[in-house]
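**Q** Sequence:
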Amino acid sequence: MQATRKFGGCPWQQANYNYGDGIIGLHEEIEHFYRYILPTPTEHAVRIELVKRIESIIHELWPQALVEIFGSFRTGLFLPNSDIDLVVLGRWEKLPLRSLELELLRRDIVKAGTMHVVDTALVPIIKFTDSKTQIKLDVSFNISDGIHSAELIKTYLRDYPGLGKLVLVLKQFMLQRKLNEAFSGGISSYSLLLMCISFLQLHPRDNFHAQANLGVLLLEFFELYGIRFNYAQIAISIGDGGCYKRKENTFIDSRPSALSIDDSLQNGNDVARSSFAIVSVRQAFQWAYRVLSQAVNPPGECQLRHTATSSSILGCIIQINDELVDYRAWLHENFDHLVVVEPISSLYGQINGAASYVTLASGAVEQRIYQTQPESVPAAHHLSNASPRQESSSSSTEEPTAAVIVVSSDEMDVCS
Numbered sequence: 001m002q003a004t005r006k007f008g009g010c011p012w013q014q015a016n017y018n019y020g021d022g023i024i025g026l027h028e029e030i031e032h033f034y035r036y037i038l039p040t041p042t043e044h045a046v047r048i049e050l051v052k053r054i055e056s057i058i059h060e061l062w063p064q065a066l067v068e069i070f071g072s073f074r075t076g077l078f079l080p081n082s083d084i085d086l087v088v089l090g091r092w093e094k095l096p097l098r099s100l101e102l103e104l105l106r107r108d109i110v111k112a113g114t115m116h117v118v119d120t121a122l123v124p125i126i127k128f129t130d131s132k133t134q135i136k137l138d139v140s141f142n143i144s145d146g147i148h149s150a151e152l153i154k155t156y157l158r159d160y161p162g163l164g165k166l167v168l169v170l171k172q173f174m175l176q177r178k179l180n181e182a183f184s185g186g187i188s189s190y191s192l193l194l195m196c197i198s199f200l201q202l203h204p205r206d207n208f209h210a211q212a213n214l215g216v217l218l219l220e221f222f223e224l225y226g227i228r229f230n231y232a233q234i235a236i237s238i239g240d241g242g243c244y245k246r247k248e249n250t251f252i253d254s255r256p257s258a259l260s261i262d263d264s265l266q267n268g269n270d271v272a273r274s275s276f277a278i279v280s281v282r283q284a285f286q287w288a289y290r291v292l293s294q295a296v297n298p299p300g301e302c303q304l305r306h307t308a309t310s311s312s313i314l315g316c317i318i319q320i321n322d323e324l325v326d327y328r329a330w331l332h333e334n335f336d337h338l339v340v341v342e343p344i345s346s347l348y349g350q351i352n353g354a355a356s357y358v359t360l361a362s363g364a365v366e367q368r369i370y371q372t373q374p375e376s377v378p379a380a381h382h383l384s385n386a387s388p389r390q391e392s393s394s395s396s397t398e399e400p401t402a403a404v405i406v407v408s409s410d411e412m413d414v415c416s
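The opening position of the sequence shown corresponds to residue 1 in UniProt numbering, with each subsequent residue numbered one higher.
These aren't lab readings, by the way, just hints derived from the structure by calculation. Keep in mind the model is a prediction, meaning the values are calculated, not measured. Hints may be right or wrong, so weigh each one.
Using 27 Å as the maximum straight-line C-alpha spacing, the simulated BS3-like pairs for lysine-lysine come out as follows [claimed, not checked]:
1. 52 x 127
2. 132 x 111
3. 154 x 111
4. 94 x 136
5. 154 x 6
6. 127 x 154
7. 136 x 111
8. 132 x 6
9. 52 x 132
10. 154 x 52
11. 178 x 6
12. 111 x 127
13. 6 x 52
14. 136 x 178
15. 178 x 127
16. 94 x 127
17. 111 x 52
18. 154 x 178
19. 94 x 154
20. 154 x 136
21. 178 x 132
FRET-style restraints, in silico, Cβ to Cβ [said to hold, decoys possible]:
22. 31 x 155: 19 to 27 Å
23. 112 x 15: 33 to 41 Å
24. 159 x 249: 21 to 29 Å
25. 249 x 18: 46 to 54 Å
26. 228 x 16: 33 to 41 Å
27. 267 x 92: 25 to 33 Å
Ideal Cβ positions, reconstructed from N, Cα and C, are used throughout, including at glycine.
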């Protein structure tokens, strides 16, 4: 188990805040977790500076190439130790993965032992960790789908105010259970986002107020995908307001996967086809539903209280280890000089849009940072001096396996 001694695994909790009981307290903790985990101006600036360094190397090799950010950094929904996803767009007879690999190694950009070229995958990719910042990067070539997907997600972030908060809690939940990578059978960030969007689209409107019921939403998300959802017969679709589809009518030319999510940008494409470990995902969701249900209802006993801050309900299912807290502190200690913060008055009214309060202080070039929110502006009060270490922000907990109740397709609203 990775150490969580400094903050009991729950650094988002505010010391002088009187949390409510049950579901109200869970809602308040989700709000505070969101504010804690959102990237600070320094964390944004560090990533932009890193992208600029990689981009300059790519342009030296191929001056006409275009480098684009996609994934969680483009949407703003990234954890402090999330990867940066880049795509290089250009014209080559053969994708130049090895050429870029050799140049990055020659420039001492890559942390020793972290370079991996995955050239046999459906989407060939270069994976490495930056030696200067300890941030991981994935670089692909000529795949523009991720750019369009990120822009689509940003429209839903505007439509559903609670979406980003729900997603960041779930991303941490998946990360610490190592269920957050599609290549290892888990759920990709994009698939998780689509599951959340579908859930919000089809959530009963008479009981729906995302800003006031984040605790209820989290519980019901776990209930839906841990207990009630029929993975065998039903596919998720967020197009046209969202609906469920029968798998046999949706993926005619391909074999349906364990979890099927119709790609709204390319009909018939199953974006979750690589998630072969869906049984483990479903069991984790069911476990979380049972633990949280027990914690929010009287007498409210959390079975993981011995590993979490005693008063934390959210800490029953997610933890932040000391290593991540120390890493964030180290980033601020070493890279605060990259940031210029504009007056606070310029911040408000900018929700899920292009933010203007952070600029890079690097020479004559000013690079605006985008997709941030006012809550992320204050420097985290809990940051302390530390060494440059960044690993998975997981906390090992034992989770029981259990039988899963499956609802038939006839009991779910199916549109096709």
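**Q** Look at the Cβ atoms of residue 31 and residue 155 and judge whether their distance stays inside 19 to 27 Å.
**A** Once the Cβ atoms are compared, 23 Å apart, the range 19 to 27 Å for residue 155 and residue 31 holds.
**Q** Given the hint that residue 154 pairs with residue 6, test it: the Cα-Cα distance must not exceed 27 Å.
**A** Answer violated: residue 154 to residue 6 is near 35 Å, above 27 Å.
**Q** Within 27 Å, alpha carbon to alpha carbon, are residue 127 and residue 154?
**A** Distance of about 25 Å is within 27 Å: holds.
**Q** Holds or violated: 33 to 41 Å for the Cβ distance of residue 112 and residue 15?
**A** holds (40 Å)
**Q** Regarding the pair residue 154 and residue 52, is the alpha-carbon distance no greater than 27 Å?
**A** holds (23 Å)
**Q** When you check the alpha-carbon spacing of residue 132 and residue 6, does it fall within 27 Å?
**A** Since the Cα atoms of residue 132 and residue 6 sit roughly 26 Å apart, the hinted pair holds (cutoff 27 Å).
**Q** Straight-line Cα separation of residue 6 and residue 52 no greater than 27 Å?
**A** It is violated: about 35 Å lies between the C-alpha atoms, which goes past 27 Å.
**Q** Is the hinted pair residue 94 and residue 136 satisfied, with a Cα-Cα distance of at most 27 Å?
**A** Since the Cα atoms of residue 94 and residue 136 sit roughly 25 Å apart, the hinted pair holds (cutoff 27 Å).
**Q** If you check the beta carbons of residue 159 and residue 249, does the distance land in 21 to 29 Å?
**A** holds (27 Å)
**Q** Keeping to a limit of 27 Å between CA atoms, is the pair of residue 52 and residue 127 held or broken?
**A** holds (17 Å)
**Q** Mind checking the alpha carbons of residue 178 and residue 132 for me, to see if they're no more than 27 Å apart?
**A** holds (25 Å)
**Q** Hinted pair, alpha-carbon criterion (27 Å max): residue 132, residue 111. Please report holds or violated.
**A** Holds. Residue 132 to residue 111 sits at ~8 Å (cutoff 27 Å).
Checked against the numbered hints above, the structure violates hints 3, 5, 13 and 19; every other hint is satisfied.
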